[in-house]
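J.: Here are the chains, one letter per residue:
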Amino acid sequence: MITRRLSTAALTLLMVSMAVASALPFLLMALTSLRTTRTFTLSFDFAQYHLENYVTLFTTHEFFQRLVTTIVVVVLACVLNIATATLAAFGFAKKPFPGSTAVFWTIIASMMVPIQATLIPLYSIMRELGLLNTYLGLALPLVGGFGVFLMKQFADGIPDELIDAARIDGAPDRTVFLRIAVPLMRPAIIALLIFTFLAAWNDFLWPLVSITRPDMGTITYAIATLSGRSTTNYGLVTAGATISFLGPFLAYVIFQRRFVEGIALSGSKT
Amino acid sequence: MAAPVRTARPTGGRPAPAPGGRRWGGLAYVLPSLLVLLVTALVPVFMTVGYSFTDYSILEDGEFVGFDNYTRMFSDPVFTSALRVTIIFTLISVPLQTIGALVLAETLAKRFRNRFGQFTRSVLFIPSIASMVVAGTVWRMLLGDQGLLNEILRGLGLEASNLLGRPTSALIAVSLIAVWANVGYFVVIYYAGILEVPASLYEASALDGAGGFRQFRHITWPGVSASTVVVVVLGTIWSFQTFDLIYVMTGGGPGGATSTLVFAIYRFGFQNFQMGYASAVAVVLLIGVLAISIVQNRLLTRKD
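Which chain is which? The protein sequence lines are A and B, in order.
Under the numbering used here, the first sequence has 31 at position 26, and the numbering climbs by one with no breaks.
Under the numbering used here, the second sequence has 237 at position 234, and the numbering climbs by one with no breaks.
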C-alpha cells in the first residue's frame with residue numbers, strides 16, 4: 006500500500022509538471038505582454054504592468070484591420086468548408102449518380118495532398134483568378150476533402166426511411182437536406198467548424214507567400230513579422246502573440262468537450 | 004414502400020424531371036466541393052509535377068528541361084541538407100511524442116480517471132490549439148539570451164547557453180518543441196483508444212496477478228495498435244510539413260541547420276523565384292507524404 010501511495014504521489018507530480026510545462030510558456034507570454042522589457046522571465050512586480058503594448062499594436066501596427074481580416078477569413082473558410090462538405094456528403098450518401106464513387110475517392114485522395122507541395126501552382130492559379138490579396142483567396146485553400154470525409158460518415162447513417170417519408174409528404178430535396186440531413190450531421194458539423202476555425206486562424210504559410218499588401222495580413226502573419234523585427238521590446242511581441250492565442254484559447258475554454266470529441270471522431274477512424 | 008416514392012414525388016412549379024435527371028441529381032450537391040478542390044488541390048498536384056520538368060522562373064515562361072531539376076537537386080547541398088534535416092527532425096520528434104503520449108494517456112487512464120486527470124488532459128492540449136507561430140515566438144524568447152532558461156542557468160551560477168545559435172542544438176531544440184506542441188493532441192487519440200480496450204481483459208489479467216507494466220505490454224499496447232498507426236503516421240506527415248515553427252524560431256538557421264524541405268520549397272520558389280526547381284523539391288515532399296498515407300491505409304485495413 007505504501008509503495009502504491011508513493012507511486013501515486015510520484016505520478017501526480019509527473020502529471021502536474023507536464024501540465025505546468027504545457028501552460029507556463031503561455032502564462033509567461035501573457036504576463037510579459039503587460040510589461041516593457043527586453044527580458045523574458047517571470048516578474049511579479051505588478052506595479053510595472055500596463056496595457057501600452059496593446060494600445061501600440063492597435064494604434065501603430067494596424068491590429069484592428071488585422072483582426073477584421075482574420076475574422077472575415079475565418080468565417081469565410083468555415084462557411085465554405087461546411088457548406089460544400091455537407092452538400093457533397095449528402096449527395097454521395099443519399100443521391101448517388103453514375104461515377105459518384107470515383108468522384109468521392111478523388112475528393113478523399115485530395116486530403117493526402119499537403120498544401121506545402123502545391124504552393125507554387127496555387128499561387129499562379131490564384132493570381133490568374135485575381136484572388137491574391139483578397140479574403141476569398143486566403144480562405145479557399147482552407148477548404149479541404151477532410152470535411153467531406155467526416156460528413157460522409159454521418160450522412161451514411163441517416164435512415165433512408167426518414168428521407169423517403171419526407172419525400173412522400175411532398176418535401177423537395179432542399180427541404181430534406183436542410184431539415185433532416187443537416188440536423189443529423191450536427192456533431193460532425195461542429196467538429197468541422199472547430200477544425201476549420203483553428204486551421205484558418207492559425208494559418209501561416211499561405212498568407213506568407215500570397216500576401217503582398219501589408220493591410221491584408223492576418224494576426225498570425227502579423228506576429229511572425231513582428232517577432233522578427235521587434236527585439237527591443239518583448240512586451241510588444243508577446244502582446245501580439247497573446248491576441249493571436251486568445252482566439253483559439255477562448256473557443257477551447259467554451260467548447261472544450263467538442264474539441265476532444267472532434268479529434269476522437271476524426272483521429273480514431275481514419 | 005420505396006417504390007411509389009419516385010412517382011409520388013411532386014414537381015411543384017418546376018417541370019417534371021427528365022427520366023435521367025434524377026440519376027444525376029446528386030451531382031449538383033457534389034459539384035461545389037469538387038470545383039473548389041479541383042482548383043485548390045487536384046489540378047495543382049498535376050501542375051506541380053508539370054512545372055518540375057521545366058525551368059519556369061520569374062524570368063522564363065518555362066521550357067521543358069527533362070529531369071534537369073532532379074539531377075541538379077540531388078547534387079545541391081541546400082536540398083540534400085534540407086532532406087537530412089527533415090529526416091532527423093522526424094526521427095527525433097515522432098518517437099518521442101508517440102511514446103510520451105502513450106505513457107501519459109496510459110497513466111491518465113489507469114491512475115487518474117478523475118477530475119484531476121481530466122484537468123491535466125485539458126491543460127496538456129493547450130499547445131495544440133495555439134498556432135506554431137505563437138508557440139515558436141514564445142519558445143524563441145524562452146530559449147533566447149534574455150530568456151527564462153538562461154535566467155535559471157545564471158541563477159545556478161552556470162554559463163548562459165545559446166541553444167538556437169548552434170547548428171546541432173538548434174535542430175534538437177526545434178524538434179523537442181514540436182514534441183511539446185503535439186503531445187497533447189496525441190494523448191487525446193491514445194486516451195480514446197485505451198478506453199476502447201475491454202475492461203474485462205484487465206480484470207482477467209489482474210486475477211492472474213499481472214502488474215501495471217505487464218498489463219501495459221500485453222493488453223494496452225496491442226489493444227491500441229490502430230491508434231499507434233494514426234499517431235505515428237499523422238506525426239510523420241506533420242513533421243514532413245514543418246515550416247511555421249522553424250520560420251519563427253530560427254528562420255532555418257544557423258547556416259541552414261534547421262532548414263526543412265518546405266523551407267527549401269519556400270526559398271527556391273518564393274525568394275529565388277525558381278519555380279520549376281522548387282516544384283521538383285515539392286514533388287519529393289509529395290511522394291514522401293503520399294507514401295506514408297498509403298502505408299497507413301495498408302496497416303489499418305489489414306487490421307479490420
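These aren't lab readings, by the way, just hints derived from the structure by calculation.
There may be inaccurate statements among the hints.
[As the list claims (entries may be wrong)] Straight-line C-alpha distance at most 20 angstroms; calculated SDA-like pairs for lysine to any residue:
{"hint": "1", "chain 1": "B", "residue 1": "K113", "chain 2": "A", "residue 2": "T13"}
{"hint": "2", "chain 1": "B", "residue 1": "K113", "chain 2": "A", "residue 2": "A15"}
{"hint": "3", "chain 1": "A", "residue 1": "K99", "chain 2": "B", "residue 2": "L30"}
{"hint": "4", "chain 1": "A", "residue 1": "K99", "chain 2": "B", "residue 2": "R26"}
{"hint": "5", "chain 1": "A", "residue 1": "K99", "chain 2": "B", "residue 2": "W224"}
{"hint": "6", "chain 1": "A", "residue 1": "K99", "chain 2": "B", "residue 2": "P35"}
{"hint": "7", "chain 1": "A", "residue 1": "K99", "chain 2": "A", "residue 2": "T13"}
{"hint": "8", "chain 1": "B", "residue 1": "K113", "chain 2": "B", "residue 2": "W224"}
{"hint": "9", "chain 1": "B", "residue 1": "K113", "chain 2": "A", "residue 2": "A24"}
{"hint": "10", "chain 1": "B", "residue 1": "K113", "chain 2": "A", "residue 2": "V187"}
{"hint": "11", "chain 1": "B", "residue 1": "K113", "chain 2": "A", "residue 2": "R9"}
[Claimed, not checked] Residues on chain B that point at chain A, a partial pick, calculated with CB under 7 angstroms:
{"hint": "12", "residue": "A44"}
{"hint": "13", "residue": "T51"}
{"hint": "14", "residue": "I102"}
{"hint": "15", "residue": "V106"}
{"hint": "16", "residue": "P130"}
{"hint": "17", "residue": "M144"}
{"hint": "18", "residue": "L159"}
{"hint": "19", "residue": "L161"}
{"hint": "20", "residue": "N165"}
{"hint": "21", "residue": "A281"}
{"hint": "22", "residue": "S282"}
Computed from a prediction, not measured in an experiment: that's the story for all the values here.
Cβ atoms here follow ideal geometry from the backbone N, Cα and C, with glycine treated the same way.
J.: Please write out, lowest number first, the hints stated earlier that are contradicted by the structure.
T.: The structure breaks hints 5, 7, 10, 14, 15, 18, 19 and 20; every other hint is satisfied.
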